[in-house]
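**Q** Fit chains B and C with the ligands to the known structure of chain A by using the hints.
Protein chains in written order, with our numbering: chain A, 40 to 449; chain B, -19 to 336; chain C, 135 to 216.
Read the hints as simulated data drawn from the structure, not as lab findings. All clues given are correct.
Cβ-Cβ distance ranges computed for the label pairs, FRET-style:
1) A:P48 with B:T170: 23 to 31 Å
2) C:T142 with A:E145: 42 to 50 Å
3) A:E382 with B:T(-12): 26 to 34 Å
4) B:T327 with A:E306: 42 to 50 Å
5) B:K277 with A:I415: 38 to 46 Å
6) B:K9 with A:D381: 39 to 47 Å
7) A:K435 with B:E185: 45 to 53 Å
8) A:N280 with B:T314: 46 to 54 Å
9) B:F321 with C:T142: 47 to 55 Å
10) B:F323 with A:M431: 32 to 40 Å
11) B:Y261 with A:M285: 36 to 44 Å
C-beta atoms are modelled at their ideal positions from N, C-alpha and C, and glycine is treated no differently.
One-letter residues, chain by chain:
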Amino acid sequence: MAGKKYNTPLIDDLEKGPWPSFVTEMKKAAKNNEMANDALGHLEKCYTTRKGYWKHGGIVGVLGYGGGVIGRYSEIGDEFPGVAHFHTVRINQPSGFFYTSKALKEICDIWDKYGSGLTNVHGSTGDLVLLGTKTEALEPIFAEYSSRGWDLGGSGSALRTPSCCVGPGRCEWTNYDTLDLTYNLTQEFQDELHRPTFSYKFKIKASGCACDCVAAIARADLSIIGTWKGPIKIDQKEVQNYAKTMDINAEVVGMCPTQCMSYDGKELQINNAECNRCMHCITRMTKALSPSGERGATLCMGSKAPIVVGSLLSWVIVPFIKLEAPYTELKDLIRKIWDWWDENGKPRERIGEVIEIKGMRSFLEAIGVAPQPQQIKEPRKDPFMFYTDADMVKFKAKEAEEKKTGKYNF
Amino acid sequence: MALPQRKTDVGPPHYKQFLPPIVQKNYGKWKYHEVINPTTMVHVAESGDKLWTVRVASPRILATDTIREQCDIAEKYCDGYLRYTTRNNVEFLVSDEKKLEPLKKELTAKGFKMGGIGYGITNVVHTQGWVHCHGACTDASGLVKAMMDELYEYFDSKRLPNKVRLAVACCVNMCGAVHCSDIAVVAVHTKVPEINHETFKNMCELPTVIGSCPTRAISPDPAKKSIKINEQKCMYCGNCFTVCPPISIKNPEYDGVAIVVGGKINSLRSNPKFSKLVIPYISNEPPRWPKAVAAIKHIVEVYAKNAKKNERVGEWIERIGWEKFFKLTGIEFTFQSIDDFTFMRDTMRTASTFKW
Amino acid sequence: MEIEELKTKIYAFCEAAKGKKKLKEKDIIKGLSEAEGIPGDEVKKALRAMIDVGKLMYSYGGGASSVEIPSEEYLREKGLIK
Ligand code: HEM
Ligand code: HEM
Ligand code: HEM
Ligand code: HEM
Ligand code: SF4
Ligand code: SF4
Ligand code: SF4
Ligand code: SF4
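One chain only, chain A, in its complex shape:
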C-alpha cells in the first residue's frame, strides 16, 4: 500500500540507541497499513508542536456492551485521515499473560484485517490492547474475536478486567492460586464487566504474596494479597550454603523489620510470633526458607491515583481469608461491597473515597466485617467519636456482667 510518506526527523531519532524502539514498531506496522502510517505522521506533529491532538473519547462500542472499546478521534483528522477515528479495543487477557503462538498469531491476523496493526501487550490494566480502528470495524472485530473465544475487557463505570501475578504458574511464593481466582472472578462477574452499572470504575488485582508483582496495593479498588499463618520453615543445611556467599547477619537478620531473627554462625532462628510476614528473608534465601501452615490472603481496599483528591493506597479490610474454589465467601463479600457502594456513591466516586466520606464503620458494618487491630496502623488520636445507642447498651451490659462476676473484662 503506497500511502503518503511522512518526513519524521524528530521521532526517527528515537530509533537510535540500544532499547527497543516504539517508533520502529510503528514504522513496521506502517509498511502495509494506512492507519499506522498516519499515526506516525500524527506523532511527528505532536513532537514538533509539543502538544497532543487527541479529542476526548466518544461514544462507540459494540451492541449490548457498555465498555471494552475506547473512542478516540483526532482534532486534525483532515490532515491525517487514517487516524480520524483511532479507537482502542481491549481484549481480556488470559490469567498470568500466558499464550500459545497459535492463539497470538490468530489475534494478530484478525487485527491486521480490521485495525492499525499496532498493539499494547499489554495495557496497564492488563488487557491486550488493540490500538486504532474505525467505528464501522467494531462489530466485525467483536464477531471475529468472540466467536473464537476471546471477549472484550472492561472500561467506563464498570468492573475493569481483573489481573494477577504469575503465581502457581512459576513462583514458589504464592499463597493461593492467583490464576484460577482471577479466571473464576472474571467469569462470575461478566455482567458487571461488560455493562457499566457502578458509580465509577472498580479494579481487582491479585498478587500471590507481599512482593505484590501486579502492584495491587497501589492500583486496585480490591487488592488481594497472599499471606499465610504458620511458621517460616527453615532448612539449616541450605542456610549454611547461603552463608558461603552471603553475610546473613547484615543482609537478612539485620534487615528484618521486626528484629525477630538471629544467627550465630551455625543456626538461623526465627521468633515466628513476632514475624509480620514481610517476605524479605524468604526472598533473600528462597532455598532455605518457606512459609507453612494455613494459606490465604489479606483483602485491602481503596487505592487509586491522585485524581480527584489525592492518591490512596489500599487499606486492610479483611486480615485473612481462605481462597479456595469456588470462592463463595469472597464473591459474597464483593457483592456486599458493591451494594454498599451503589447505595452511597455519587458518580465518579471511587470506593475508597466513598469510604472516607461515609466512614469506615458504616462500610465495615454493611459488609459484615468486625473491627480488628490488624486493620489500622494506630488507633485514632482525637476523642471525636460516635457512640450509637447500641454501643452504649453493649458497654453497659458488659459492666453489669463484670459487677456480677467481680472480674473486669476490658
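**A** Just chains B and C with the ligands now, kept in the frame of chain A:
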C-alpha cells in the same frame, strides 16, 4: 465474506490451555528459583524439573509482525508457548537446558534485548502519551525510550543495591502506579486553563464542571452562561478539562515534567510507600528530554553509591533523611516539595532532630 | 406489568431526562421500580433487553458511563436503520 456469529459474555479463554506442559505438571509446586544473570533465571520444582526463563525487553507498543516474530521463536524453542510480564516484557520459557544457548543466540541475532531480572532496572511502566491519550502533557513512549537508552547497562549487566522501578505518567492522572515507583516522571501543566465561553454553553453541565475541581477553584459566571476559574486556587490538575472539552489546558510552552522518588509497592522490610516530589519542573524537550533523563540517571548513580545492599531508593532516603538526600544529590529544594494539598499534616517535621 | 408496557415506560423515562440529566443504569432502575412498584430486577431485565437490540445504549462522557437513547448515526452504524 460472512462474519462468524458473535457471542457475548464468554469471558477470557481458560488459562490452562496456554500453560506449557512443564508448568501444568509442576503447577503450584515450585521449590525455589535462582537468578543466573540479568537475562536468565531458573525455577526448580519439587519434582526436580527445571524451567529456565529468558526475559526480553519490549517497547510495549508492538506491531503485529513483531508479535509474530516472538511467536516464531517460541515455536522453535519453547513448543509454541510464551508469556508476558506485568511490566510488559516478554518471557521465553524452556525446560531443556540444551535449548537455552541456541535460544539466546537467536534472540541476539534477531535484535531482541535480554535482561531485566534481579537487582537492576527493568521495563518502565508508562501511559499512552501523545501516541494515544487526549490529556497528555508529554509523550510517554519517547521519554521511556530516551531513559532506557541512557540506563541500558542497568538492564542487561550492571547491578544496583536493589531493584529500581521506573515509571512515566503523561498527566497527573498517573495511570500506571507511578505514584509508588522508585523514580518516576509525571507530566504536569503549570498554567490555569482557558475557557471557550461560546462552546461551553452547549457542551458542558455546569454542576458537573464545578464539582470536578478538587480545589473548588471553579464558580459560575452567569453573565457569560459559563464558569470562571480562581487563579489563586487552581493547581492545573486538568480534571475540569476531562469533564468538559471547551476548557483547554494544553500549553506547549509551559507543559513539562516533574520527578518523584522513593515509592515502593512490595511490603519487603518496610510498608509500601508513595513517591515524593523532588524536582518540580523540567521543560518538555522532545524527542529525548535530555535534562529529565540526566536527572534520573544522576539520582540512580547517587543511590548506587550510597545505599546499603537490599535497600530500595525510598528505604535508603528514609534512613539518611530527606534533607540528606537533597544534599547528596545537589537537587534544589523548592516550595513545591512542601505539601499544601491533602498531606501537609502528615509531612511537616515536628521535631528538631534533623541533619545539617 | 407486561414487559412491553414496562419497556415503553423505561423509554419515556429516558426521553424525559434527555439533555437534562445523564442517567446511570441504577437511576432508571430505581426510578421505575419506585414509580411503578415493580422489583428492580425486572426493570433491569427489561432495560437490558432494550440495550441488546439498540433501543437504548450505554454511553460514556465526562468520565462516567450512562444510558441514553441512541442517535441515528449509532443505529445506522449498527445496521438497525437504513
Ligand atoms: C480517581 C482516579 C482515576 C480515574 C479518574 C481514572 C480514570 C481512568 C479513565 C477515564 C480511564 C480510561 C477510560 C476508560 O477506561 O474508560 C482509565 C484507564 C486506566 N486507568 Fe485509571 N483512573 C484512575 C485511577 C487509576 C489508577 C490509580 C491507576 C493505576 C495506578 C489507573 C490505571 C488505569 C489504567 C491502567 C487504565 C487503562 C488501562 C488500559 O488502557 O489498558 N487508574 N482510568
Ligand atoms: C484532646 C483533648 C484534650 C484535652 C481534653 C486536654 C486536656 C488538658 C488538661 C485538662 C490539661 C491540664 C490543664 C492543667 O494542668 O490545669 C492539659 C494540659 C496540657 N495539654 Fe492538653 N488536652 C487535650 C489535647 C491536647 C493536645 C492535642 C495537646 C498538644 C498537642 C495538648 C497539650 C497540652 C499541654 C502542653 C498542656 C500543659 C501541660 C503542662 O502544663 O504540664 N493537649 N490538657
Ligand atoms: C483537640 C481538641 C481539644 C483540645 C486541643 C483541647 C485542649 C484543652 C486544653 C489545652 C485544656 C486545658 C485548659 C487549661 O489549662 O485551663 C482543656 C481543658 C478542658 N477540655 Fe479540652 N481540648 C480539646 C477537646 C476537648 C473535648 C472534646 C472535650 C470534652 C469532651 C474537652 C473537655 C475539656 C475540659 C472539661 C477541660 C477542663 C478541664 C479542667 O478544668 O480541669 N476538651 N482542653
Ligand atoms: C473523564 C474523562 C477521561 C476520559 C474521557 C479519558 C479517556 C481516556 C481514554 C480514551 C484513554 C485510552 C487511551 C487509549 O488507549 O486510547 C485513556 C487512557 C487512560 N486514561 Fe484517561 N480519560 C479520562 C480521564 C482520565 C483520568 C481522570 C484518569 C486517571 C485518573 C485517566 C487514566 C487513564 C489511564 C490509566 C489510561 C490508560 C493508560 C495506559 O493504558 O497506559 N484518564 N483515557
Ligand atoms: S506476587 Fe508473590 S507470588 Fe506473585 S509472582 Fe510475585 S513473588 Fe510470586
Ligand atoms: S518475613 Fe520479614 S518479618 Fe518475618 S522473619 Fe522474615 S524478614 Fe523478619
Ligand atoms: S496519564 Fe493522563 S494523559 Fe497519560 S494516558 Fe493517562 S490520562 Fe492520558
Ligand atoms: S485545572 Fe484542576 S484545579 Fe484548575 S480549575 Fe480545572 S479542575 Fe480546578
